[in-house]
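Engineer: Chain by chain, the residues:
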Amino acid sequence: MSDTKKLTEIAVLVSLAVVLEVIFTGLGAFVPFLQLPYGGRISMAMLPLFVIVYRHGVKLGIYSGAIYGLLNLMLDAQIWHWASVFLDYVVAFGLIGFSGLIYLVMPKNRMTFMISVIIGMLLRFISHYISGVVLFAEWMPEEFNNIYWYSFYYNAYYIVPSMVLIMFTSYFIFSRFEQNEIF
Amino acid sequence: MKNIVIGQYVPGNSFLYRMDARSKLLALVVLMATAFIIKDFYHMIGMVLLVGFILVAGGLSVTRIMRGLKPVLILLLFTFSFQMLFVNTGELLYTTDLTLTLYNLPIMMGIIIFWMISKKYVKFRFIYLLLAVFGVLALLATFAPGGVISSSRVQIYSDGVLGAFFIMMRLIIIVTLSTILTLSTKPTDLNLGLERILKPLSIIKINAEEIAMIISIALRYIPTLLDEANKIMLAQASRGVDFKEGKFKDKIMQIISLLVPMFIISFKRSDELANAMEARNFVPGRNRTRLHVLKWNYVDTFVMIVVTLVFAISVVIRVVM
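Residue numbers (my numbering), protein chains in the order written: chain A, 2 to 184; chain B, -5 to 315.
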């Protein structure tokens, strides 16, 4: 595959991720519990990024994740702290690229793809968690008294359902992708 | 879904249009950083006025900016009410009891049911929803005869109001500034400016040109793919799928049915684009010449000095006060 093809494919898939995020934002208007007040949304937007990682490996996965983070930042514009730009957007999504490391040790199939989703979302969670503990202490509601647990619950609220959603979807979609020679 | 104001360049000839994309990007970053270090009330008002001045002096239409603010409106309200309700430090400004009784319960249900039935016929749904919520709250606060079912006290403190004000202003400033940038800069110029700014990253072996290219293609394809998604939704709606109604689980299944064609369309589009680029002899990483070259003018130097001064003054005020 030529470099130009790789480049355009990554670009279009990243914009597909943005489009999915927009669709889920639209869905959030009907189903309010999808969204959280300080940012974070249950959505399937990560799926194209995992597809990029599957097809092109770790390095390009990190690139595309970071770029998606930037675009997401432009759309969302939810910055509460300057360091949040990195921890909640660029780094958080860039870390998804590291989920491609799993393909070095396991064969490329449906099972591995789902494991890579778990790893990627876990890495993203860690980044959001650190950001929550370090930066979001002043926004903590009264009901919580421990910032560590607050950040844990807050981020798990949207990361875990998103992960389940993406795994569920990819389980069904994988064979369709194989038929269409995407995988 | 279509009201995202990204990459919507509007021609004009104010000082914003004469500025270099690089200086605009840098000024944007510095002004955003300024918005974050402000902790004083009057200072924040001054900052908002400054942004308003840029808007007016730049000759951009305010309605367009408002349209850009629309997606964050719901979010703003969310955070606003959160801050108002859950922060309880500072002076107590207002307190009221919300009481649910046997008498006003049916009235409340009536309002909600009326809202659910009538919302389909109202044009400004969001304002209508706000009116309904406000009506219910006013009812609970004022009219409460009979046996009490449950009662809760709402207290609004000065810190909550201030916090909510700062968050709102900050979000509005950020969104307005970035909308000003995208409205006054051609996507190609923006892309080139970004590329030049990211150039120092090549020290750690990151190819700035490629990243700028990916960003510009991705931005270009967002509306296209949104259109395609819309088309697929319409095609499926014509076969009887209803995207607006239905349970949450149904909606998820519908989105899955949307996903496969979306992926296939994306791959097709990217293939076509790559062919078009290769036919024009595009090779990634090779040196390219440009049709448009960025030029750094006096106005850029002037704006950068002003912006840096604003930043410096803000830091001083923050430290002193």
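Errors might be hidden in some of the hints.
[To be verified] Quick list of in silico lysine to any residue cross-link-like pairs, SDA-like style, CA-CA up to 25 Å:
1. 60(A) to 278(B)
2. 7(A) to 155(B)
3. 7(A) to 133(B)
[Claimed, not checked] Computed beta-carbon distance windows for the label pairs:
4. 116(A) to 128(B): 45 to 51 Å
5. 61(B) to 37(A): 53 to 59 Å
6. 72(B) to 6(A): 39 to 45 Å
7. 127(A) to 61(B): 35 to 41 Å
8. 177(A) to 128(B): 45 to 51 Å
9. 128(B) to 109(A): 54 to 60 Å
10. 135(A) to 306(B): 23 to 29 Å
[As the list claims (entries may be wrong)] The following residues of chain B were derived to be distant from chain A, with all beta-carbon distances above 10 Å:
11. 147
12. 204
13. 208
14. 228
15. 245
16. 246
17. 297
18. 314
I should point out that these hints are in silico values taken from the structure, not numbers from a laboratory.
Beta carbons are placed, not taken as given, at the ideal position from N, Cα and C, and that holds for glycine.
Engineer: Going through the earlier hints one by one, which of them does the structure break, listed in rising order?
Structural biologist: Numbers 2, 3, 5, 12, 13, 15 and 16, in rising order.
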